[in-house]
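With the hints as a guide, bring both chains together as one complex.
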Amino acid sequence: MNKIISSLILAVVLLFSVPAFAAPIETFKFDSPETEKVFHKLSEELRCLVCQNQNIAESNADLAKDLRLQIYTMLQKGQTEDEIVAFMVERYGDYVLYRPPFKPMTWLLWLGPLMIFVLGVFFAFRFMKSQSSVSQPESLSEEEIERVKSLHADMKAEQGDK
Amino acid sequence: METTKPTLLRRLMPLIIFAVLVIFLAVGLTLNPREVPSPLIGKPAPEFELPLLLQDGSFSNKDLIGHVTLVNVWASWCFACRQEHEVVKQLSRQGVRIIGLNYKDDADDAKQWLAKLGNPYQAIAADRDGRIAIDWGVYGAPETFLIDQQGIIRHKVIGPLSDQEKFDALMAVMQTLKK
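Residue numbers (numbering that gives the first Met the number 0), protein chains in the order written: chain U, 0 to 161; chain S, 0 to 178.
FYI, nobody ran anything at the bench for these hints, they're computed from the structure. Incorrect hints may have been included.
[Claimed, not checked] The following label-pair restraints were derived from C-beta to C-beta distances:
hint, chain 1, residue 1, chain 2, residue 2, range
1, S, L176, U, P112, 35 to 45 Å
2, S, M12, U, Y97, 34 to 44 Å
3, U, E143, S, V26, 39 to 49 Å
4, U, T105, S, P13, 48 to 58 Å
5, U, T105, S, N31, 39 to 49 Å
6, S, M12, U, F116, 10 to 20 Å
7, S, R92, U, Y97, 43 to 53 Å
8, U, L113, S, Q89, 19 to 29 Å
9, S, W76, U, Q78, 27 to 37 Å
10, S, P13, U, E157, 42 to 52 Å
Virtual Cβ for every residue (Gly too), placed ideally from N, Cα, C.
Extracted from the complex, chain S is given alone in its bound form (with noise of 0.2 Å):
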């Protein structure tokens, strides 16, 4: 009290404060919370098994080894899903071996929207009844994991792939896995 410093460092104390809670609030506003880490990044892809939309027969989970793989969750009723589409597209023609994921979706509504707005995806299984998508932990459509040649997830993209901060942040990724 005697000297001027301490006082000054007291008379400035709640600035400080108050300049550390806008920080913390300012990063909190960055976050965005309706995208929750998924806890399957780094395990195996979960077992599942189900019907081809377009086909006879079934996909399963170990049709994903031996590739690098993008799991794309799309139904017919998401809007998000037509806004990605041409990405999607897109990345098939760069030779990204694209498999999707129709979720609860009518089976005749998603050949339909196949056929009006093309198909690149070179398997679809279709979990009618969302059943699968939980064991993936999709919470929404758009979602799609990347899976390495092991079959392992190593990252996830939730939302439309035509935001272009989250499409680079994939291709980050996959950049890594392709070598």
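Bound-form chain U, shown alone (with noise of 0.2 Å):
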């Protein structure tokens, strides 16, 4: 029994067990730690397709290890950055950036959470304003004070009759 319940322990352990994975980087020569940069940079903020939530950096899959060296050629050609993501953009469209660009297309995903913000605090105002209104109770009117009066003055002749 005992021997049960510690395989099954093991594994589950197993189970759970994942191989530390080291950051799947070639060892690619830079002319320059400049360029180095970029080249971290660029394979940081490109999305892997195939994993999809991983970057090309971390990622590797087939796919991800090609983009790399694409990146790495592209760089030694002297490309510039930005020449490289339109690159990649022309061919894997703005999914491949894990920072997509402010279009009109995007515009809701980048405004949607101000606007939400901004829907909230007024709404929170509204509700503050709403309570403050309910425990403070307005004045009565000279009529309502004298009615007040005379059906506590009826109340009170009432009592005396029992």
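Given below as structure tokens:
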């Protein structure tokens, strides 16, 4: 019985143990540290399309490897960061960018959170205002005061009767 | 606040907001994040020239002009390509011009695969290192591009053609080109 339990535990542990993946950066040689920086920046900002929730710096996928090589080759040819980003977007669309550009298609994406925040503030203020007006009773008119007084007097008279 | 109508609306407001959220999420769930729309639709096929897999010679983007063509990206290591192969063969029998783009494959493996399963391709361009596939925005096999007579990419299918919905969508665009 104990054996079964311990082997079950082992199985569960093994199920969740993932071998530690080192970032699969190949050993590219760069002419200058600046170029290397651009390389790392680009491979971190571009999405791996096969694995989707990884950038191409982290991914072990074959395509990510190819794209890293592509970025490297383009950098070696002296192409700029913008040129490389344009190259990727031309082929794979804005989707490769982890930071989508600001354009009519993405206005809602960029401004949505701000809009929701502004709406939230608006409704919060309205709510607070309505709360404070409830807690402060409006002053009564002369006529109403008279009525309250007379009702009060009536009540007293009734109680007195009993 | 005096009448009952605004309070009713007010009470229903959270429900309405919830319903809108549910609709958005439901629509989101039906979208497939694995299918990234290609920015190449409506643009000329990328320039390339690749060696043929089975013969001497080469195939270039210029060879696409003048015919309605399907460019089918496949590889012998790709399981889904085997899945769609019957459909590709059937299209070929119906007289559709299909060009294979053999993606990151070993030439011998590819030839064996074709010998075993049949060769529906009019020509097969071998993209050994996958460099040309990058130009086509390929990110996995199989992918199929529909090219018109002018060499413009008109449609892209991501994944196997054996998927009825994808197949029908492709046929619908192809029908408009054949006239």
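Hint check results:
Judged by the Cβ atoms, the range 35 to 45 Å given for L176 of chain S and P112 of chain U holds: they are separated by roughly 43 Å. Range check, M12 of chain S to Y97 of chain U: about 36 Å between beta-carbon atoms, so the 34 to 44 Å window is met. For the pair E143 of chain U and V26 of chain S, the supplied restraint of 39 to 49 Å is violated, since their beta-carbon distance comes to about 55 Å. Range check, T105 of chain U to P13 of chain S: Cβ separation about 29 Å, and the 48 to 58 Å hint is violated.
The hinted range of 39 to 49 Å is not satisfied by T105 of chain U and N31 of chain S, whose Cβ atoms lie roughly 20 Å apart. Distance hint check: the CB atoms of M12 of chain S and F116 of chain U are about 18 Å apart, consistent with the given range 10 to 20 Å. For R92 of chain S and Y97 of chain U, the hinted distance range of 43 to 53 Å is satisfied, since their beta carbons lie about 44 Å from each other. At about 52 Å, the CB distance of L113 of chain U to Q89 of chain S disagrees with the hint of 19 to 29 Å.
Taken as a hint, the range 27 to 37 Å holds for the pair W76 of chain S and Q78 of chain U, whose Cβ atoms sit roughly 31 Å apart. Range check, P13 of chain S to E157 of chain U: Cβ separation about 46 Å, and the 42 to 52 Å hint holds.
When held up to the earlier numbered hints, the structure conflicts with 3, 4, 5 and 8 and fits the remainder.
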